[in-house]
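Q: Residue strings, one per chain:
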Amino acid sequence: MDLDLNANEEAILARLDAIVKAADHSLPERVPVSGGYDPALMEALRQGGLLNLAQEGAQGRLGAMLVIQAVAKAGGMVPVGLHAMLVPALFDTQPTDLVAIRRAGRNVPVAFAPYAGILVEVGGEVAKAYRVSPERARTVASHYVARRGHPALSQSAPSLGIWPAALVLRRWQLAIAGEILGTMSGALDHLVSYLVSRRQFGRELGSFQAVQHRLAELAVTLEALRCLAFEGAWADSDELAASAAAYAASAARTTCLEAHQLCGAMGFTLESGLYAWTLRLQALSVEAGGSQFHALVAAASHWDGAKSCLSASGSSRKGARPASVAADLQVE
Amino acid sequence: MEFGWSEEEARFRLDVRAFIQSELSDSVTDLVPGEDPYSQTSIEFCGKLAAKGWMVPHWPRDYGGNDASVWMFAILSEELWAAGEPRGSQYMNVNWIGPAIIKAGTEAQKNQHLSRIASGDVLWCQGFSEINAGSDLASMQAHAIRDGDDYIIEGVKVWTSYASKAEFCFLLARTTGAADAQNSISIFLVPMATPGVTVEVIPTMLDVHQVHRLTFDKIRVSASCRLGEENAGWNIVRDALSDERVGTPRFARAEIVLDRVLAQIQIQGETLHAGMWQQAAEARAACNAARLLSYKVRQSRARGMGAGPEAYLGRVAIVRAERAVAELAVNLMQEDSLIAGSLADGEFRTSMIAGLGGGSYEMQLNLISRLWLKLPKGS
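Chains Z and A, in that order, give the protein sequences.
Read in order, the letters of the first sequence correspond to residues 9 to 340 in my numbering.
Read in order, the letters of the second sequence correspond to residues 358 to 736 in my numbering.
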């Protein structure tokens, strides 16, 4: 047991720092509310060898988690979680195409789908990957910073590979936990910085105990999540990955609401920049089914009694959906 | 980073479990901390623990310890709390009273107290809170006036656990005026048999824990009972209590309660709906988060770092874990949770104590605000 960073992990953070700083331009340009993608940052991470760390066992997955949280904290507009945590488990090398993911049978908009050339679908027992055309994805209007859409998946598209669903789901859940960890960390830094500079009633807002206690609660949640996310990455177990994702998704929702409440009307403005973290937190809080789904997976991984609930649930891994919804899938 | 246990550590955990299984009666969980039968069990069990060399394994060899790693002691503490903390009040002895004496005590004090703590045959209590000095501990009124080679101590301490059978009290008292509240407090290691010390049970609604009122009626103690320099008590106790914030791994016990409640409900043939399982998973995650945050504190302390704000984060996480399990237990057991002695009844009451014992939840939030987030002090 050693919860401090080792020299290798410090070095990863130093490499990341340089990459993230190089990609640092003004927030509204870097993180458009209606969605964006930063191919230059993605390429820099790829070229820097920071997306394949998870191929190197437990220590590699811890490195991947460092990458994910650091990029997310900086507001990087890339699917860093999937590419650093999931893709190394699926492919020997990082594909040049962007990877998007969804649970099979769920007709929901997928983050970064308008840019993705590969779609991973997670079913009840197996997960498969397919080539998709980003140009043919149906983009949806959304104001949660990552552009979203329905991938155009051809029924005749050959599968690029088949993997156990549990592997893909848990890596996806770790990706979500890591992105929420970083994004929440960015949000809290932003929030504290604002609340110690903003004065009302003749003193800093951050000096009021009513405000301090709420910030302190968020700080505890953030540090708790940091522990759970890194332990989940180290263990790579179904339970701990799902547990970290459940905790993260719940924390993301709370942080989004608390941050805007504490920042007042100023927090809604683009110039404040708070949206870059909060809108993304809200989006991440529902990804893959949200905290309730993750928690049910965690429960079923630990207690046998919960297994029947998971398989019977409408938000099960099997993705059981009413026929009318299934018919609405984006298939050609 | 590394989240795994070494083979030696994993084996040690199994050894501790086996020891507890063979040496501890199941009925210990029915005893009330602070009452006499619990104290007697503590003495008997700690004697056996000491014979194994597990009472103070993390202490230096010079003081009866074994220089064991912080992780060995963490494992030991977790397993003992999971079993209902059969050390009773003696967990305080090994967690912070002994370490405070090691750091600030005279050779005579070390000789008098440390070997007894290490052998598990002495009970202590702490004299901290007063009726008007709870969270605001620095405003205490109990005072000690120097009289030749002695001190005359007068004051009343309240809400003190484990006092009825304690042999010594780790007592805080003001030794000069209150102008500089924190730098006018001294620590006294007071024999409870000193004439003028009286102990009364304070009736409470907490049938899972007994608390007391301690009256010090102008008692005379030797100046050799003072721990550290006069008026230097605040820093000593603050440092000692940073061990205490996470020294009680309540999450280990809460996890056991969680499993037991779920098993009990299923044995009764009741089917849990998805929402309950989700809540159970969240409670388990809260316990795990508390465990890991506690480890961070233990690690930084083991590396010689002073009392850092991580301890306050860990403490809040521990309280959250206890409350999450209590809430689930009550939700699951419903009206049965009102039956005295039921799992949910015990957990609910224990969770109420968790937010106050060892420093109130709100004080931890204050300290996190100031020391972790660096927020400005309010006016």
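Some hints could be false.
[As the list claims (entries may be wrong)] Some but not every residue of chain A turned toward chain Z, in silico, with C-beta under 7 Å:
| # | residue |
| --- | --- |
| 1 | 359 |
| 2 | 360 |
| 3 | 404 |
| 4 | 425 |
| 5 | 428 |
| 6 | 653 |
| 7 | 730 |
| 8 | 732 |
[Unchecked claim] Pair ranges (Cβ atoms, derived):
| # | chain 1 | residue 1 | chain 2 | residue 2 | range |
| --- | --- | --- | --- | --- | --- |
| 9 | Z | 204 | A | 364 | 41 to 49 Å |
| 10 | Z | 170 | A | 660 | 43 to 51 Å |
| 11 | A | 364 | Z | 316 | 34 to 42 Å |
| 12 | A | 688 | Z | 276 | 47 to 55 Å |
| 13 | Z | 12 | A | 465 | 36 to 44 Å |
| 14 | Z | 218 | A | 693 | 53 to 61 Å |
| 15 | Z | 48 | A | 624 | 30 to 38 Å |
| 16 | A | 693 | Z | 163 | 28 to 36 Å |
| 17 | Z | 12 | A | 620 | 31 to 39 Å |
| 18 | Z | 168 | A | 735 | 57 to 65 Å |
| 19 | A | 538 | Z | 315 | 42 to 50 Å |
| 20 | A | 693 | Z | 269 | 34 to 42 Å |
| 21 | A | 537 | Z | 204 | 36 to 44 Å |
Calculated from the structure, these hints are not laboratory results.
Just so we're clear, the structure is a prediction, and the values are computed from it rather than from any experiment.
Built from N, CA and C at the ideal position, the CB exists for glycine as well.
Q: Now, for every hint given, state plainly whether the structure supports it.
A: Structure-based check of all given hints:
1. 359: With a closest approach of 4 Å, the residue 359 of chain A hint holds.
2. 360: Result: holds, 4 Å to nearest chain Z Cβ.
3. 404: At 30 Å from the nearest chain Z Cβ, residue 404 of chain A fails the 7 Å test, so the hint is violated.
4. 425: 14 Å, violated
5. 428: 5 Å, holds
6. 653: Where the cut-off is 7 Å and the nearest Cβ of chain Z is about 5 Å from residue 653 of chain A, the hint holds.
7. 730: 6 Å, holds
8. 732: At 5 Å from the nearest chain Z Cβ, residue 732 of chain A passes the 7 Å test, so the hint holds.
9. Z/204 to A/364: 41 to 49 Å: 48 Å, holds
10. Z/170 to A/660: 43 to 51 Å: Since the Cβ atoms of residue 170 of chain Z and residue 660 of chain A sit about 47 Å apart, the hinted range of 43 to 51 Å holds.
11. A/364 to Z/316: 34 to 42 Å: 37 Å, holds
12. A/688 to Z/276: 47 to 55 Å: 37 Å, violated
13. Z/12 to A/465: 36 to 44 Å: Taking Cβ atoms as reference, residue 12 of chain Z and residue 465 of chain A lie about 39 Å apart, which means the hint holds.
14. Z/218 to A/693: 53 to 61 Å: Check failed, 38 Å falls outside 53 to 61 Å.
15. Z/48 to A/624: 30 to 38 Å: 59 Å, violated
16. A/693 to Z/163: 28 to 36 Å: 54 Å, violated
17. Z/12 to A/620: 31 to 39 Å: The hint (31 to 39 Å, Cβ to Cβ) holds, given that residue 12 of chain Z and residue 620 of chain A are roughly 37 Å apart.
18. Z/168 to A/735: 57 to 65 Å: Holds, at about 58 Å.
19. A/538 to Z/315: 42 to 50 Å: 57 Å, violated
20. A/693 to Z/269: 34 to 42 Å: Since residue 693 of chain A and residue 269 of chain Z have Cβ atoms about 38 Å apart, the given range 34 to 42 Å holds.
21. A/537 to Z/204: 36 to 44 Å: The hinted range 36 to 44 Å is violated for residue 537 of chain A and residue 204 of chain Z, with Cβ atoms some 28 Å apart.
When the structure is compared with the earlier hints, violations turn up for hints 3, 4, 12, 14, 15, 16, 19 and 21 and for no others.
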